[in-house]
Amino acid sequence: MTRILKSIEEFEGEVSESLVIVDGHDLPPARHDGGSPEIGRSRRRIDATQRVTGRARYTQDLYLAGMLHARILRSPHARARVRRIDTKRAEALPGVRGVLHRFNTPKTPFRGDDVIFREEVRFVGEEVCAVAADDEDTAREALALIEVDYERLPHVVDLEEALGDVAPQLESDGNVSESGSHKRGDTKRALKEADVAVDVTYRTSTQLHNALETHGAVALYDGEMLTVWESTQHVFGVRTGLKNALKLPYSRIRVICDYMGGGFGAKNGVGKYTIVASLFAMRFGKAVRCVLTRDEENLAAGNRSATLQQLRLGAKGGRITAIEHTSWSNSGQGKWIANPTGPTNTLYEVANVNTRSYKVVTNAGSLSAFRAPGYVEGAFALESAIDELAEAAGVDPLTLRRRHAGAGKDPITGNRYSDKHLLECYRIGAKEIGWDRRRAGGTRGSAPHRRRGIGMASQIWGGGGGPPAYATVHVDPDGSVVLTAGTQDIGTGTRTVLAQICADELGVELDDVRVQIGDSAGPFGPMSAGSMTLASVGPAVRLAAHDAREQLLGAAAGVLETPKAELRLEAGAIVSKGARTPLGEVLGKVDNNTVIGKGIRFPNADDLAQKTFSAQFAEVEVDVRTGEIFVERIVAALDVGRIVNPLTAASQVEGGVIQGIGFALSEERIVDRALGRVMSGNLEGYKVPTVKDVPTIVVKFVDRPDRRANNLGAKGLGEPPIIPTAAAIANAVANATGARVRHSPLTRARVLEALALAGIRD
Amino acid sequence: MTVLAGGTDLMVELNFGRRRPEHIVAIDRVGELAGIERNGHVRMGAGVTYTRMLADAGSQALAEAARTIGSPQIRNAGTIGGNLGTASPAGDTLPVLAALEATVVLRSKAGERRVPFADYMTGPKKSVRRADELIVAAEWDEAGPAQTYMFVSTRNAMAISIAGLAMVVDRARKRVGIGLGSCGPTIIRPADAEGFARGLFDEAGWERPHRPSESAAKELGRLVAAAARPIDDVRGTAAYRRHALAVMGARALSRVAQIA
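Going down the list, the sequences are from chains A and X.
If you want our numbering, it's the 1-based position in the first sequence plus 278.
If you want our numbering, it's the 1-based position in the second sequence plus 127.
Check each hint, because a few of them may be wrong.
Partial list, computed: chain X residues near chain A (C-beta under 10 Å) [claimed, not checked]: (1) G144; (2) A284; (3) I287; (4) R356; (5) D360; (6) M375.
Which chain X residues stay away from chain A? Per the calculated CB distances, all over 10 Å, these [claimed, not checked]: (7) G167; (8) K301; (9) A366; (10) V374.
Read the hints as simulated data drawn from the structure, not as lab findings.
These figures come from a predicted structure and were not determined experimentally.
Beta carbons: idealized from backbone N, C-alpha and C, even for Gly.
With the hints as constraints, model all of the structure from the sequences given.
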């Protein structure tokens, strides 16, 4: 029976309610007895061969016949009014097809603005013009021939400078606006009554995504359909963005993302490059490619906000009694911020909490979601501060956390957790790292000038996913299977785990399932963000496979003249009392041609909080003379529900830890305050970890299905592993040296400064 | 005329639009430039790659410097001639060549000239090489095993050094050479530090390994740092560079003094 149900979803720290049309019933939780043929098995990626042989086609690889190349002219000024644009010389260049800019481009609503080329450009790298030409070099050459008359305006790029009185005010209501707060209990009183308190300020620098594949799109218009290939985390989001910008109906836009080289949150929706490519494609009736360079990627494709965070914590009788946390985030030209106080609000059971976060506008590129946005920055501050409090109170930091990590309810909504094993994560992680080897004040390192230490930190995050998400399973007459689902594989291994779920439930071999995703022509699905893909799409896939299996068994009952109850579908064959009939043989006897199973994601319970939890433990050595940090070992123990594929899951964790190490030690966007220019605009200046920076990473899963979450019992895993890494490392460094570095990344210079402050430098 | 050997610097310049040469001549397959001759004296052809320097190529410090450079792909392409041609203060082989008191061999239609490394670099990415000259080799006297190269950077691999230091103690010739990278407009030779180190070896005996006192190592570091002329940039501050040099100076001395 078709009906409407209420659902509660959490997306990156924000909880919302939705209404979903459903039909039929959800499946009971999948069995977890080790007997599943696919779920819980390590499988290499089903597209591994395609990827490593270079056959997998990414957006950047797409060269269509007669394709034009678009390139974007970007503002060299941090803030300026575009008064006049002269494109005569550019247009006269042979091979140039056209130029778009604010004086000739129709209104194309984009993220709150009604144009893509603004009169006032507000950061170095903001889009001013776009050129389409027959080839990329000509387009680039044409950019240099465009003359723009800028009226320069005063700017501010630095977070703390923007907070001050002398900074130019960029919005009518100033640079600073409140974006969220939470209060429970009475922190003032609790702090007054505390035995010990710490009052500390933390800073985190701007981190850039730098996915392997830069942002980009190829658009093709044939007079009826606009087809866009894009490196995106959400084909349907790009479709919506194009619908709004270009006023085309959904039915005439198709967005495809077959393979992509990562996004980390920066590719959640339509980009100006998509609109540029589409506008040119519609004007010229040709394919148009607009792909960003690495430098453009680091200017105008999003970032993790720099933050300034103040925390006051109090403890009494060896327990945390109060946390105050105020945070300011540099949103650049972004219209929102990711909330760094999220972990403070929810991670621990503490009676008195008071948090507030502020958005600070500056003349820098917009923030965008970045793998656990807000929580990475917030966890660095909170989890460092908890260690500082533990030290002040003379309590082992893990013991202190244990006292507050057992709560069964979300402290904000009061809803019970669908499941929670944070204490188990502590137990597993502590054992694996050898927490009992940890000594207050650290131990001697492998050389006289080296100190060794152990630290840990924990994490909370959503990842329960939710509706809407849809899947279909087509079984062809030969018994081969096509699974179509509304999602895209952004590099996480989605194709593989969905194929496993389908094969498992349907009863066919993994190799028999072909997965068709990343196409808005198929059923709808959510953004691959917020660690919600598996928990949203997986249950729909299971239901679709179940639906198909029921139909196949019904058909087989007729063909084999055996009661359905006596039939099973196993490894691609109908099994009846020991006799195996291949599926193709059964289907060959009827003329249906295709069996179609359908599945949807059923709603979440509206009285439960679905969360993921984990803890990470770091062991480091610190050279106290040069300030170098050597991360030797990271242990990650995670509670993310049931693990569908231990191999790809571990690989997700490793990736998150490595990106967390980058955030902790070397990744930092550096901007020249006077000119507003990004000085670390490519991979030479911006240091992501290399293989030599990667320590031993031990991954442990609690691996217990969250039966109240969804029919798979699985939750998301993309973001949890990056959240606690930096704090675990900073806590290990503090344990090793006695010096607390309160600014990530913990560069050599910052470590030395902290050592000097602690009086440890010789 | 622009020549291309490994292209690890030139291609960056081209890709960033900083240079648009009319003609480029690739010299990476000129066999005459790729030889290494050794007989107490080393003549290393300009086309020798970093990968080849990793193996014994006439200087332990040079091998250590080569190991710090880039990724395997970069080490397979980049050459000592390219490092000399670019003449960046951050060129990792250059502090070693300075410490070895190497000679740069330049050739043009007018003939060959031999320039002591100390006279070769004149500023950041500037040298005495004339536009019509090709770097054909670097030469130096083999100095024995007491030598090392150290650097600090912003991460553990594939990163331009924030500060680099080469130290060569030629026990046979009773000579100490120190070269400092990334801490001035050219590679710096800290004369006072070298003099101080010579004094230490005079005292301890040139032929024997010894363990320098902590205070001596520290003093050497101080003299090294005092000679540097670092600047603040994206990679690090002048203060950090100076500090790092002091630490590396002390460590380098402790390491090489124990090698004989």
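Tested hints:
no.	hint	result
1	G144	holds, 8 Å
2	A284	holds, 4 Å
3	I287	holds, 7 Å
4	R356	violated, 19 Å
5	D360	holds, 8 Å
6	M375	holds, 8 Å
7	G167	holds, 35 Å
8	K301	holds, 30 Å
9	A366	violated, 8 Å
10	V374	violated, 4 Å
Hint violations for this structure: numbers 4, 9 and 10, all remaining hints satisfied.
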